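Those protein sequence lines, which keep their order, are chains A and B.
Note that full-length UniProt numbering numbers the first sequence so that position 97 is 97, with each residue one more than the last.
Note that full-length UniProt numbering numbers the second sequence so that position 347 is 347, with each residue one more than the last.
Derived from the structure by calculation, the hints contain no laboratory data.
Model, not experiment: these values are computed from the prediction.
Hints may be right or wrong, so weigh each one.
[What the hints assert, rightly or not] Away from chain A, derived, C-beta distances all over 12 Å, residues of chain B:
no., residue
1, Pro48
2, Leu51
3, Leu249
4, Pro258
5, Val262
6, Arg372
[Unchecked claim] The list that follows gives simulated cross-link-like pairs (lysine-lysine, BS3-like), each with its CA atoms no further than 27 Å apart:
no., chain 1, residue 1, chain 2, residue 2
7, A, Lys128, A, Lys62
8, A, Lys62, B, Lys211
9, A, Lys62, B, Lys347
10, A, Lys186, B, Lys211
11, B, Lys347, A, Lys162
12, A, Lys128, B, Lys320
13, A, Lys54, A, Lys80
14, A, Lys128, A, Lys68
15, B, Lys211, B, Lys347
16, B, Lys347, A, Lys186
17, A, Lys186, A, Lys62
18, A, Lys80, A, Lys186
19, A, Lys24, A, Lys54
20, A, Lys186, A, Lys162
Think of the CB as a built atom: it goes at the ideal place given N, C-alpha and C, for glycine as much as any other residue.
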Amino acid sequence: MGTTASQLRKDLLSEYQELTFLTKQEIILAHKRFSELLSKEDRNVPTPRVPMEKVLSLPELKSNPFRKRICHVFSTSDMKDGSLTFEDFLDLLSAFSDSATLEIKSHYAFRIFDFDDDGTLDGGDLEKLVNCLTGETDDTRLTTEEMRQLISNILEESDIDKDGTVNLSEFQHVISRSPDFVSSFKIVL
Amino acid sequence: VDSSSSRRGVVHRPCSVMLLVNPHSGKGQALSLFTGHVQRMLNEAGVPHTLVITERQNHARELVREADLSQWGALVIMSGDGLLFEVVNGLMEREDWEEAIQTPLGILPGGSGNALAASIHHYSGAQPVSSEELLISCGFLLCKGLVSRMDLASVHLGSSPSNPTRLFSFLSLAWGFVADVDVESEKYRHVGAARFTMGTLVRLASLRVYKGRLAYLPVDEVDGEEDGQSPDSPRQNTAHLTFHNSHSLLVPLDQPVPSDWVVVPEEDFVLMLAMYQSHLAKDLYAAPDSTLDDGLIHLIYVRAGISRTALLRLFLAMEKGTHLANNSPHLVYTRVRALRLEPYSSKGVITVDGEVVEYGPVQAQVHGGIARLITR
Chain A
1 MGTTASQLRK DLLSEYQELT FLTKQEIILA HKRFSELLSK EDRNVPTPRV
51 PMEKVLSLPE LKSNPFRKRI CHVFSTSDMK DGSLTFEDFL DLLSAFSDSA
101 TLEIKSHYAF RIFDFDDDGT LDGGDLEKLV NCLTGETDDT RLTTEEMRQL
151 ISNILEESDI DKDGTVNLSE FQHVISRSPD FVSSFKIVL
Chain B
1 VDSSSSRRGV VHRPCSVMLL VNPHSGKGQA LSLFTGHVQR MLNEAGVPHT
51 LVITERQNHA RELVREADLS QWGALVIMSG DGLLFEVVNG LMEREDWEEA
101 IQTPLGILPG GSGNALAASI HHYSGAQPVS SEELLISCGF LLCKGLVSRM
151 DLASVHLGSS PSNPTRLFSF LSLAWGFVAD VDVESEKYRH VGAARFTMGT
201 LVRLASLRVY KGRLAYLPVD EVDGEEDGQS PDSPRQNTAH LTFHNSHSLL
251 VPLDQPVPSD WVVVPEEDFV LMLAMYQSHL AKDLYAAPDS TLDDGLIHLI
301 YVRAGISRTA LLRLFLAMEK GTHLANNSPH LVYTRVRALR LEPYSSKGVI
351 TVDGEVVEYG PVQAQVHGGI ARLITR
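Whole structure, please, built from the sequences with the hints as guidance.
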């Protein structure tokens, strides 16, 4: 990759601009912010990785209820630890950018909500999704009965082939009807 | 000559019933629901009827506007609320609207937005039911042909305050989190009622605040005509009175609201819902105290600051109509005769009876019992 902490090569910048939905300016800013997250030792490593906890400290991600899943989905780490290289980071920002298409966003949203990574959204995934939204503590979470009612509502609305899970196309179909989805699925530095 | 009119109670049928169907409604099932259930029921009950299949948006509205209403004993909509919206507005756009709006209207659920059908079913005292049972129950009510009065609200909006767009609404006015767009097909734009979908959860993740100014005329304040009258008492003669004096409750949008109105001090909201019937959707029992012609607008709004959990709980409770008993500090419920909303946020959605309307200042007033609906 050959990036240094201080500068992004021009040819790489052009390449990244072509490969992502990001503008050159956005890429340069991303590079700066990414470098700030690197520890001193990592700065001279050829393809450094930022550990997940550091990524989660970014203000733009800190209050996102799905921040951990986001890191896992975009991480290319063999260790499945949610760490991000610069290119992983760019992929993340690209999918969440203003210019990304509805199809890209809904595709990634699906992967983010698929907590067990098995390719469909089942009751277990939906329950984890809702728990991300309601918070960590017992008094903010829904009761078992409330959760059951909610999941049954969602499945009734979204599970078109009635197999008890929501697959990618059912998900994309539902999301396409939500006008705020694109604007709420956004992370801009 | 209609020999079966003697069997039919209050609906006077010199001729037949016009049945309007949107073939795209309710996942395209409306037409097959008709041939599967309704047609048989109507034939067995000896109700002569003519089926009109609407071809595009506003087809029904134009048809009703131009129709010779003396031919039709009733207009029945077999579709979602969107088609009834067109029919009501088509009738009110006529020169002879005062008589036209007295044409009995019927609704059979066949579409995605069946809030009015759900409300009617609820008013008849029956237990909550499935879609098919709802259809059959409404079909029975239709065959019985009994007519009740129904409230309508006039809704004024538009960018030129001196010449506002005026719509008539029979169900609701909504702003904020509840408005959700459902683009069913290129021919029809129907806004599905607020339901819990995946999209709702996603939007809950970035719960936004809608800024605006809300003001209303509370029920006790209307001078003269309502003194001593309970909301449930019949209002035969006041219907015309309220309509002709419609501007006595509303002032033009570019003027401040009258001094007897209440202005809500907060300007940050999550949602605002003005209902004149009980149901916002089959599973959203939003205004449990509402009746068909109580002459009231049930105003519900949720202030910003509510947690996601509390909002989720609210919608879950709304399925059973228990949300008002929850005592959520962010939820306010009050009965009003008129209201005005001036949104400040540049982006947002306002719906009237589930239809998206022009975004901007809007005000509404209830007209008690002005329409007639086939129900018990």
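Now the hints, each set against the structure:
no.	hint	result
1	Pro48	38 Å, holds
2	Leu51	29 Å, holds
3	Leu249	32 Å, holds
4	Pro258	35 Å, holds
5	Val262	30 Å, holds
6	Arg372	34 Å, holds
7	A/Lys128 / A/Lys62	18 Å, holds
8	A/Lys62 / B/Lys211	25 Å, holds
9	A/Lys62 / B/Lys347	26 Å, holds
10	A/Lys186 / B/Lys211	21 Å, holds
11	B/Lys347 / A/Lys162	36 Å, violated
12	A/Lys128 / B/Lys320	25 Å, holds
13	A/Lys54 / A/Lys80	16 Å, holds
14	A/Lys128 / A/Lys68	12 Å, holds
15	B/Lys211 / B/Lys347	10 Å, holds
16	B/Lys347 / A/Lys186	16 Å, holds
17	A/Lys186 / A/Lys62	14 Å, holds
18	A/Lys80 / A/Lys186	24 Å, holds
19	A/Lys24 / A/Lys54	24 Å, holds
20	A/Lys186 / A/Lys162	31 Å, violated
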